[in-house]
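S.K.: Sequence:
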Amino acid sequence: MPNARIRLIAPSGYAHDPAAMMRGVARLREAGCTVENLDVLERAQLRFAGSEAERAGDINALATLDELPDIALVTRGGYGAARLLGQLDYGALRERLADSNLALVGHSDFTALQLALYAKCGVRSFAGPLLADLGAEPCPTFTWDHFWSTLSTDTSIATWVGAGEADLDVQGPLWGGNLAVLCSLLGTPYFPAIDGGILFVEDLAEPPFRIERLFYQLHLSGVLGRQRALVLGDFHACRPGPRDNGYDLDAAFAQLARMAGVPVIHGLPHGHAARQLTLPFGSLARLQVKGGEARLECTGYPHLPL
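Numbering-wise (this note's numbering), the sequence shown opens with residue 147 and increments by one.
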């Protein structure tokens, strides 16, 4: 286990569960890591982890630190990252981060910043656990192990079952994140133009009809049809409402398969769930599916010194 230097950043929601945050910090320290910038855990303004200037400052500071940390770890999701997109110093961030080995890790609302940094700066990041996830009880062993195995090597391999019936072997840039956040940036300068990609998505607590509507947004905008595959992660607590009359998430996914125009792969262990892969956003990926089993291999991403 590497003795990594970790800097906390809080671009979205405040630390509403301080105990989970401190468990995460303690586990990282027990693993031999140094954890910096703990002051962000004390910030709160309405539902946010401080003012917009403070939260944007967490990101902009990465361009001005004397020495970059090994990992910049997001504390939690929620909402607030979209407010920061017009306040980032993309030129300085591009110059400092685009060719660095900084591992910038988070998911959920952090998707907005991942998309913007890739679109504007070419910065590769990781869709992976938040500090709050690493502090969950019980200890998320699967998530913890894959986090370190991905960041410690130059090649990441993930496998899972239940991927669907179609056989597949495609390559392309891996990208994606939270479905609602991703769709919220369509048509903006912060949405990357990626053709031939492997797009992964997940979401939390959206009713099935809203999930289908978001997929139609990707489809009708032409984004979905330009990908080599769509990979579905965890859609936690996405339950039908009292007027849905039998229409559920399975029905939404069945409609997605009919209209997508690209292979749809199921079962990716990623999202708002206890088992979470760390996925290198912007890496070169190869996705193979055979007999309902999937294998995702990624290369060309920032990592800790080997």
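Quick caveat, the hints were computed from the structure, so don't treat them as lab data.
Please note that a few of the clues may not be correct.
Said to hold, decoys possible - Below, a list of computed lysine to any residue pairs in the SDA-like style, where the Cα atoms sit at most 20 Å apart:
#, residue 1, residue 2
1, 266, 203
2, 266, 311
3, 436, 245
4, 266, 232
5, 266, 245
6, 266, 236
7, 266, 341
8, 436, 393
9, 436, 313
10, 436, 334
11, 266, 334
Claimed, not checked - Estimated spans, in silico, between C-beta atoms of each pair:
#, residue 1, residue 2, range
12, 232, 317, 31 to 39 Å
13, 390, 178, 47 to 55 Å
14, 172, 232, 17 to 25 Å
Ideal Cβ placement from N, Cα and C applies to all residues, glycine included.
S.K.: For the pair we were handed, residue 266 and residue 236, check the Cα-Cα distance against 20 Å.
M.R.: It holds: about 7 Å lies between the C-alpha atoms, which stays within 20 Å.
S.K.: Does residue 311 lie within 20 Å of residue 266 when you go C-alpha to C-alpha?
M.R.: Answer violated: residue 266 to residue 311 is near 37 Å, above 20 Å.
S.K.: Taking the Cβ atom of residue 232 and the Cβ atom of residue 317, is their distance within the range 31 to 39 Å?
M.R.: holds, 34 Å
S.K.: Holds or violated: are the alpha carbons of residue 266 and residue 245 at most 20 Å from each other?
M.R.: holds, 14 Å
S.K.: Are the Cα atoms of residue 436 and residue 334 separated by 20 Å or less?
M.R.: Not satisfied, since the Cα-Cα distance of roughly 37 Å exceeds 20 Å.
S.K.: Between residue 436 and residue 313, is the straight-line Cα distance small enough, at 20 Å or below?
M.R.: The given pair, whose Cα atoms are some 5 Å apart, holds under the 20 Å limit.
S.K.: Please test the hint of 17 to 25 Å on the beta carbon pair from residue 172 and residue 232.
M.R.: violated, 36 Å
S.K.: Okay, residue 390 versus residue 178 on CB: inside 47 to 55 Å?
M.R.: Roughly 49 Å apart at Cβ, these two residues keep to the hinted range, so it holds.
S.K.: Between residue 436 and residue 245, is the straight-line Cα distance small enough, at 20 Å or below?
M.R.: Between residue 436 and residue 245 the Cα gap is close to 35 Å, so the pair fails against 20 Å, i.e. violated.
S.K.: With the threshold set at 20 Å, check whether the alpha-carbon distance from residue 436 to residue 393 stays at or below it.
M.R.: violated, 29 Å
S.K.: Mind checking the alpha carbons of residue 266 and residue 232 for me, to see if they're no more than 20 Å apart?
M.R.: holds, 11 Å
S.K.: If you draw a straight line from the CA of residue 266 to the CA of residue 334, is it 20 Å or shorter?
M.R.: holds, 11 Å
The earlier numbered hints that this structure contradicts are 2, 3, 8, 10, 14.
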